[in-house]
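Chains A and B supply the protein sequences, listed in that same order.
Everything in the first sequence is counted per the numbering used here, starting at 201 for the first residue and increasing by one.
Everything in the second sequence is counted per the numbering used here, starting at 9 for the first residue and increasing by one.
Just so you know, these hints were derived from the structure itself, not from any lab.
Cβ atoms here follow ideal geometry from the backbone N, Cα and C, with glycine treated the same way.
Treat the hints loosely; a few may be bogus.
[Stated by the list, open to error] The calculated PhoX-like cross-link candidates involving lysine-lysine, where the alpha carbons are at most 25 Å apart (straight line), are:
1) 265(A) - 474(A)
2) 454(A) - 238(B)
3) 89(B) - 513(A)
4) 89(B) - 454(A)
5) 172(B) - 134(B)
6) 449(A) - 319(A)
7) 237(A) - 238(B)
8) 449(A) - 89(B)
9) 300(A) - 392(A)
10) 151(B) - 420(A)
11) 172(B) - 265(A)
12) 237(A) - 172(B)
13) 151(B) - 89(B)
14) 369(A) - 238(B)
15) 513(A) - 77(B)
16) 151(B) - 199(B)
17) 89(B) - 172(B)
18) 89(B) - 347(A)
19) 335(A) - 304(A)
20) 199(B) - 265(A)
[Stated by the list, open to error] With the Cβ distance kept under 7 Å, some of the chain B side facing chain A (calculated, not the full set):
21) 53
22) 54
23) 86
24) 90
25) 99
26) 113
27) 115
28) 119
29) 122
30) 126
31) 221
32) 222
33) 223
34) 224
35) 227
36) 228
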Amino acid sequence: MINLNDLISKNSWAYWEDYVHNVSRHDVETSLNITGKHSIQDFANLISASGEQFINNLAAAANQKTIQRFGRTVQLYAPMYLSNECQNICTYCGFSFDHKIQRKTLTDSEIIQEAEFLKLQGFDHILLVTGEANKTVGTNYIANAVKLLQPYFSQIAIEIQPLNTDEYKLLVASGVHTVLVYQETYNRNTYKEYHTKGKKSNYQYRLETADRLGEAGIHKIGLGALLGLDDWRVDSIHCALHFLYLRQKFPSVKFSISFPRLRPAVGVKHDENKFMTDVQLAQLIATYRLLDINLELSISTREAKKFRDNIFKLGITSMSAGSKTNPGGYTLLEQELEQFEIDDDRSVQEIYDMLTIAGYEPVWKDWDQIFHIN
Amino acid sequence: MHPLIIADHTFHNRLILGSGKYASAELMIASVLASGSEMVTIALKRIVTQQDAITSDHLIAPLVRAGVKLLPNTSGARTAKEAVLAAELARQALQTNWIKLEIHPDQNYLLPDPIETLIAAEELVKKGFVVLPYVHADPPLCKRLENCGCAVVMPLASPIGSNKGMQMRDMIAIIIEQSNIPVIIDAGIGKPSHATEAMEIGASAVLVNTAVATANDPIEMGKAFDMAVKAGFIANSAGPAISYSNAQASSPLTEFLM
Chain A
201 MINLNDLISK NSWAYWEDYV HNVSRHDVET SLNITGKHSI QDFANLISAS GEQFINNLAA
261 AANQKTIQRF GRTVQLYAPM YLSNECQNIC TYCGFSFDHK IQRKTLTDSE IIQEAEFLKL
321 QGFDHILLVT GEANKTVGTN YIANAVKLLQ PYFSQIAIEI QPLNTDEYKL LVASGVHTVL
381 VYQETYNRNT YKEYHTKGKK SNYQYRLETA DRLGEAGIHK IGLGALLGLD DWRVDSIHCA
441 LHFLYLRQKF PSVKFSISFP RLRPAVGVKH DENKFMTDVQ LAQLIATYRL LDINLELSIS
501 TREAKKFRDN IFKLGITSMS AGSKTNPGGY TLLEQELEQF EIDDDRSVQE IYDMLTIAGY
561 EPVWKDWDQI FHIN
Chain B
9 MHPLIIADHT FHNRLILGSG KYASAELMIA SVLASGSEMV TIALKRIVTQ QDAITSDHLI
69 APLVRAGVKL LPNTSGARTA KEAVLAAELA RQALQTNWIK LEIHPDQNYL LPDPIETLIA
129 AEELVKKGFV VLPYVHADPP LCKRLENCGC AVVMPLASPI GSNKGMQMRD MIAIIIEQSN
189 IPVIIDAGIG KPSHATEAME IGASAVLVNT AVATANDPIE MGKAFDMAVK AGFIANSAGP
249 AISYSNAQAS SPLTEFLM
């Protein structure tokens with residue numbers, strides 16, 4: 201068994217940084233012509249600057265693989281922000297502890313009110329999001345929210361603070377299907393600069409979260425890097441390495457990858473040098489599809505209408521729609537206090553229609569609570 | 009065509025279709041009808057599981073109206089326990105005691121777990137289900153499933169969704185030879201010619217999903233599979249000519265000696 205700390209080590213950043221910026225056109229062509237499984241080197245070759253010229257070939261190959269595995273379907277889900285309270289200082293995040301914004305944590309009745317709204321929209325898969333505030337939105341708060349929401353939704357995912365294995369076991373038993381935990385950046389050095397205070401400043405504990413989830417018997421683990429914090433190519437290679445390591449270690453777990461790109465939020469400075477273009481994001485998504493045919497790839501409403509209207513053909517299998525990214529955003533409060541700005545503000549019906557017209561079936565339900573019995 | 013009898017049901021068509029991966033429910037229904045298929049499998053996890061599913065669910069209701077037999081499956085189950093619960097929920101929601109038993113804890117190749125499958129099959133048979141288990145092309149396992157009371161066995165031709173065809177041909181031939189219950193080839197059938205091959209060697213039926221659902225024209229592909237299955241079945245009944253590694257003269261050269 202490969203050791204995670206050997207794979208994502210103090211030296212791995214420099215190694216892959218050097219590798220990915222020296223990929224030749226020939227390397228890309230070799231990886232494009234692989235008929236068997238793609239290696240991490242193939243992944244790096246295809247997301248390199250040289251690989252960008254081959255975007256049409258990549259898109260065609262990814263489209264074919266996605267249809268083979270998932271058919272012409274896209275799952276729809278909605279995020280539900282339960283709280284924006286947070287004990288961490290993260291320099292890029294609208295919920296950061298040092299931001300003087302109004303804090304809000306939903307009560308039981310407010311959670312149900314939001315759930316009823318989303319259910320009426322058609323949603324059956326939901327993603328619960330909180331900041332990282334152990335005292336207000338700890339394991340018990342989440343378990344209670346899941347219990348309240350089970351009558352409404354077939355699949356419940358969470359994006360909350362990293363927990364220990366026993367806490368995850370409790371949440372799995374209570375009906376949590378998926379846990380998303382993004383490393384933000386895999387660069388150990390810059391990680392410290394972005395996460396200056398709070399539990400999240402512990403890189404190692406966050407990195408090992410997915411291992412704890414696998415041990416707790418979770419059904420699906422979502423990984424990702426916050427694209428734009430550091431060199432997106434090197435971060436993505438590390439995220440792919442992390443995925444390959446976990447796939448080997450936990451064969452019964454499903455995996456998803458998300459592609460958050462930095463968007464302006466309250467008081468956040470933007471580093472234009474690390475901005476990822478639309479072509480590069482498409483290149484990355486298609487390359488993930490070639491890396492693993494079963495991988496679920498997810499895109500949020502951070503991305504623009506035109507991009508979202510086309511990107512599912514290159515590998516995306518799940519999309520959020522009509523999202524609000526503040527607690528109580530659907531029925532209680534105006535869109536303010538948001539974690540990040542959304543770009544695609546179309547209604548759920550508009551997204552549904554867009555997919556249907558494109559010849560894809562929007563899928564509301566692909567899970568059943570009956571499978572939560574362990 | 010000679011009918012296929014499974015438990016108490018008689019089928020006049022030996023093609024079973026899946027219901028996933030289609031661009032729309034309407035296209036799925038149209039493809040099923042064009043193919044002549046009389047039974048469609050549907051994942052419990054994809055449907056509403058309330059009591060009124062057969063009249064309200066957008067996938068189920070039109071199939072029921074078209075007179076197609078529903079074969080709920082337990083896809084998503086990782087253990088026997090989960091599969092049994094899923095089967096019970098399916099029986100309640102779809103008002104059928106037929107269940108396609110699928111237990112694949114491995115998420116990379118979706119290969120069925122033989123041990124959990126056998127445990128679940130034994131329990132489901134005791135609970136009165138008509139059990140159609142999806143399994144490896146494993147002759148002793150298929151015999152065990154037959155002995156415990158399964159209605160059919162459904163060995164895979166190659167990994168699900170792979171479209172690689174009859175990779176397990178030799179093992180499937182042994183299963184067919186030894187089986188006293190119908191053998192339905194499930195998973196990996198990627199082209200009509202694969203379906204013909206399965207039927208030619210004596211399979212009772214084939215189950216196809218990806219190859220039809222993801223075709224550019226699923227309706228036409230459904231028709232092609234219908235013809236392919238029929239061709240293979242008739243060929244098997246007609247007794248295919250034996251193939252030889254050496255040339256055989258069509259008029260014997262030794263006739264003058266007689």
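- Please write out, lowest number first, the hints stated earlier that are contradicted by the structure. 1, 2, 3, 5, 6, 7, 10, 14, 15, 16, 17, 25, 28, 29, 30, 33, 34, 35 and 36
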